[in-house]
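Novice: Take these sequences, add in the hints, and give me the full structure.
In the order they appear, the protein sequences are chains X and R.
The first sequence begins at 1 in our numbering and counts up by one.
The second sequence begins at 1 in our numbering and counts up by one.
Any given hint could be a false lead.
[Said to hold, decoys possible] Here are the simulated DSS-like cross-link-like pairs (lysine-lysine), alpha carbons at most 30 angstroms apart as the crow flies:
#1 R/Lys-85 - R/Lys-5
#2 X/Lys-49 - X/Lys-85
#3 X/Lys-48 - R/Lys-45
#4 R/Lys-49 - X/Lys-37
#5 R/Lys-37 - R/Lys-5
#6 R/Lys-37 - X/Lys-83
#7 X/Lys-89 - X/Lys-5
#8 X/Lys-5 - R/Lys-5
#9 X/Lys-45 - X/Lys-89
#10 X/Lys-89 - R/Lys-85
#11 R/Lys-51 - X/Lys-45
#12 R/Lys-48 - X/Lys-37
#13 X/Lys-45 - X/Lys-164
#14 X/Lys-139 - X/Lys-164
#15 X/Lys-45 - R/Lys-131
#16 X/Lys-82 - R/Lys-85
#17 R/Lys-49 - X/Lys-45
#18 X/Lys-131 - X/Lys-51
#19 X/Lys-139 - X/Lys-5
#20 X/Lys-37 - X/Lys-48
#21 X/Lys-131 - R/Lys-45
Derived from the structure by calculation, the hints contain no laboratory data.
2 protein chains.
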Amino acid sequence: MARIKLIDFIRNVPDWPVEGIQFKDITTLCVNSIPFKESINQIVKHYKKKKIDKVAAIEARGYVFGGAIAYLLDAGFVLIRKKGKLPWKCHQEEYELEYGTDIIEMHQDAIDEGENVLLFDDLLATGGTAKAAAKLVEKAGGIVAGIAFVIELTGSLHGRDLLKGYDILSLVEIPVEE
Amino acid sequence: MARIKLIDFIRNVPDWPVEGIQFKDITTLCVNSIPFKESINQIVKHYKKKKIDKVAAIEARGYVFGGAIAYLLDAGFVLIRKKGKLPWKCHQEEYELEYGTDIIEMHQDAIDEGENVLLFDDLLATGGTAKAAAKLVEKAGGIVAGIAFVIELTGSLHGRDLLKGYDILSLVEIPVEE
Chain X
1 MARIKLIDFI RNVPDWPVEG IQFKDITTLC VNSIPFKESI NQIVKHYKKK
51 KIDKVAAIEA RGYVFGGAIA YLLDAGFVLI RKKGKLPWKC HQEEYELEYG
101 TDIIEMHQDA IDEGENVLLF DDLLATGGTA KAAAKLVEKA GGIVAGIAFV
151 IELTGSLHGR DLLKGYDILS LVEIPVEE
Chain R
1 MARIKLIDFI RNVPDWPVEG IQFKDITTLC VNSIPFKESI NQIVKHYKKK
51 KIDKVAAIEA RGYVFGGAIA YLLDAGFVLI RKKGKLPWKC HQEEYELEYG
101 TDIIEMHQDA IDEGENVLLF DDLLATGGTA KAAAKLVEKA GGIVAGIAFV
151 IELTGSLHGR DLLKGYDILS LVEIPVEE
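Specialist: Structure below.
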């Protein structure tokens, strides 16, 4: 099969959710089984040798790829959610948004001490959410074996710098200007 | 491998999200790769012969299993979300809750005329959300080839009756009393 370009399947939506933002719509990649499977395969290939025990993903788009990655790596799947959505005892992490802060949570019993955890989110922008997710995993005693994204926004956001020290994989780089 | 009982991996959380509700927590099934993979395999096996073009799932827990099911069926994946979260032109369906109504949306270009679509959600209760999701698929010209759940609450809720005529699969039945 000829190598496909994943970026061709990502739709740019101008002025969404607010004016001035060029939103990267990944749903157009997901609806086509060829780039969807290719994205998952590339991530699985990169982390296969690390013996991943759990894949933890951030809701909601993170779950679309994360569940399949966990399945293929023979790993358990951990749900990281916004505050108040998980029913059991949680670890919490607060992180900064452009205006104000937000909180993500993970069940305290979702990860055991010393487990290798692959984090997944669909998009790396400032890195704030992923960094908070990494702290959640470490609070539970897990080891962050890597952080994977489909899309990385490069340029002025410097998300990769915030995640220095982790094994980062992104499949598609899209430059942004501010 | 000895046959595992999926129900043993589902945690009952009393009085969540409100007093009197016995919440069925599926995250304890997801964190263990054995019941997680077994759930996905059972659903894939049931619908494999139907030549599924797309798997459509309802956020957020639906995505955890839905992405893996789509991967294994060589199908595209369609995101059904709460109102206002998808960036492109949407079909909308309103459905009733215990108090008031809610709206789910799906991109208008996510499904092509005549495609076979498998719907997935983690839990069947009253069937209201799944019914609205089926209408969304049909509005786009798709054929609902089946509706799959991990958990079905049986007894007083009659969710299965609301979905009469569809090929329904649920892996675990849990009786509820009201």
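Novice: If a hint holds in the structure, say so; if it does not, say that too.
Specialist: Taking the hints in turn, this is what the structure says about them:
With a CA separation close to 36 angstroms, the supplied pair R/Lys-85 and R/Lys-5 exceeds the 30 angstroms bound. Taking the CA atoms of X/Lys-49 and X/Lys-85, the gap is near 33 angstroms; set against the 30 angstroms cutoff, the hint is violated. A hinted pair counts as satisfied when its Cα atoms are at most 30 angstroms apart, and X/Lys-48 with R/Lys-45 qualifies at roughly 25 angstroms. Taken as a hint, the R/Lys-49 and X/Lys-37 pair is honoured in the structure, with Cα atoms around 20 angstroms apart against an allowance of 30 angstroms.
Our distance criterion of 30 angstroms between C-alpha atoms is met by R/Lys-37 and R/Lys-5, whose separation comes to about 13 angstroms. Distance check on the hinted pair: R/Lys-37 and X/Lys-83 sit about 27 angstroms apart at the alpha-carbon level, within 30 angstroms; holds. At most 30 angstroms may separate the alpha-carbon atoms for a hinted pair to count; X/Lys-89 and X/Lys-5 exceed this at roughly 42 angstroms. With a CA separation close to 42 angstroms, the supplied pair X/Lys-5 and R/Lys-5 exceeds the 30 angstroms bound.
A C-alpha spacing of about 34 angstroms is found between X/Lys-45 and X/Lys-89, which places the hinted pair above 30 angstroms, so the restraint is violated. Simply put, X/Lys-89 and R/Lys-85 have alpha-carbon atoms about 28 angstroms apart, close enough for the 30 angstroms limit, and the pair holds. Annotation: proposed proximity of R/Lys-51 to X/Lys-45 holds, straight-line Cα distance about 27 angstroms (limit 30 angstroms). Between R/Lys-48 and X/Lys-37 the alpha-carbon distance is near 17 angstroms, which keeps this suggested pair within the 30 angstroms criterion.
For the proposed pair X/Lys-45 and X/Lys-164, the alpha carbon gap of about 22 angstroms is at most 30 angstroms, so the pair holds. Taking the CA atoms of X/Lys-139 and X/Lys-164, the gap is near 18 angstroms; set against the 30 angstroms cutoff, the hint holds. The straight-line distance between the Cα atoms of X/Lys-45 and R/Lys-131 is roughly 38 angstroms, outside the 30 angstroms bound, and the hint therefore fails. The suggested pairing of X/Lys-82 with R/Lys-85 holds, with an alpha-carbon distance near 15 angstroms, which does not exceed 30 angstroms.
In summary, the hint linking R/Lys-49 to X/Lys-45 is supported, as the alpha carbons are separated by about 29 angstroms, within the 30 angstroms threshold. Between X/Lys-131 and X/Lys-51 the CA atoms are separated by roughly 22 angstroms; this keeps the pair inside 30 angstroms, and the hint holds. A C-alpha spacing of about 38 angstroms is found between X/Lys-139 and X/Lys-5, which places the hinted pair above 30 angstroms, so the restraint is violated. About 16 angstroms separates the Cα atoms of X/Lys-37 and X/Lys-48, which keeps this hinted pair within 30 angstroms; it holds.
For a cut-off of 30 angstroms, the pair hint linking X/Lys-131 to R/Lys-45 is broken: about 38 angstroms separates their Cα positions.
Checked against the numbered hints given earlier, the structure breaks hints 1, 2, 7, 8, 9, 15, 19, 21 and satisfies all the rest.
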